[in-house]
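Put together the whole structure using the sequences plus the hints.
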Amino acid sequence: MEKFIDPCCEKCTHTKDTPCKDFVECCLEGPICHENQECAQKRKNITEKVALDENFVIS
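In the working numbering, the protein residues as written are 25 to 83.
There may be inaccurate statements among the hints.
[Said to hold, decoys possible] In silico BS3-like links for lysine-lysine, alpha-carbon gap of 25 Å or less: (1) LYS68 <-> LYS35; (2) LYS35 <-> LYS45; (3) LYS27 <-> LYS68; (4) LYS68 <-> LYS45; (5) LYS45 <-> LYS73; (6) LYS27 <-> LYS40; (7) LYS40 <-> LYS68; (8) LYS66 <-> LYS45; (9) LYS35 <-> LYS73; (10) LYS27 <-> LYS66; (11) LYS27 <-> LYS73; (12) LYS35 <-> LYS66; (13) LYS27 <-> LYS45; (14) LYS40 <-> LYS66; (15) LYS73 <-> LYS40.
[Said to hold, decoys possible] Simulated DEER-style distance windows between Cβ atoms: (16) ASP30 <-> ALA75: 16 to 24 Å; (17) ALA75 <-> ASP41: 15 to 23 Å; (18) VAL48 <-> GLU26: 27 to 35 Å; (19) ASN69 <-> LYS35: 12 to 20 Å.
Keep in mind that the hints were calculated from the coordinates and are not lab data. Even for Gly, the Cβ is constructed at its ideal location relative to N, Cα and C.
In structure tokens:
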């Protein structure tokens, strides 16, 4: 998993055909569709990586 849009594991229900209805919350606090500390850490790592990127701009 390198991007939020990537499924974190085989239990993740977020796909192109079945997008997560709580996508933003899942990215920041998830995963929501299942409990897994390893998946939560993967999402946290992406959040921290984006937060440290000085070129990242929220409009």
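Hint check results:
Between LYS68 and LYS35 the CA atoms are separated by roughly 18 Å; this keeps the pair inside 25 Å, and the hint holds. For the hint pairing LYS35 with LYS45, the CA-to-CA distance comes to about 16 Å; that is within 25 Å, so the pair holds. Under the criterion of a C-alpha separation no larger than 25 Å, the hint pairing LYS27 with LYS68 is consistent with the structure, at around 11 Å. Proximity of LYS68 to LYS45 is assessed by CA-CA distance (about 19 Å); at most 25 Å being required, the pair is judged to hold.
Note on LYS45 and LYS73: the hinted pairing holds, with a Cα-Cα distance of about 24 Å set against a maximum of 25 Å. As the CA atoms of LYS27 and LYS40 are separated by approximately 14 Å, the hinted pair is consistent with the 25 Å bound. Restraint check for LYS40 and LYS68: satisfied, since their Cα atoms lie roughly 22 Å apart, inside the 25 Å limit. Only pairs whose Cα atoms come within 25 Å are accepted, and LYS66 paired with LYS45 is accepted, the gap being roughly 20 Å.
With a CA separation close to 24 Å, the supplied pair LYS35 and LYS73 stays within the 25 Å bound. Taking the CA atoms of LYS27 and LYS66, the gap is about 10 Å. The hint holds against a cut of 25 Å. As the CA atoms of LYS27 and LYS73 are separated by approximately 10 Å, the hinted pair is consistent with the 25 Å bound. As the CA atoms of LYS35 and LYS66 are separated by approximately 14 Å, the hinted pair is consistent with the 25 Å bound.
Between LYS27 and LYS45 the alpha-carbon distance is near 17 Å, which keeps this suggested pair within the 25 Å criterion. The straight-line distance between the Cα atoms of LYS40 and LYS66 is roughly 20 Å, inside the 25 Å bound, and the hint therefore holds. Restraint check: the Cα-Cα separation between LYS73 and LYS40 comes to about 24 Å, which is no more than 25 Å; the hinted pair holds. The hinted range of 16 to 24 Å is satisfied by ASP30 and ALA75, whose Cβ atoms lie roughly 18 Å apart.
Between ALA75 and ASP41 the beta carbons are some 30 Å apart, a value that contradicts the proposed interval 15 to 23 Å. Separated by about 18 Å at the C-beta atoms, VAL48 and GLU26 break the suggested range of 27 to 35 Å. Separation of ASN69 from LYS35 is about 18 Å and conforms to the stated range, judged on CB atoms against 12 to 20 Å.
The structure shown violates the earlier hints numbered 17, 18.
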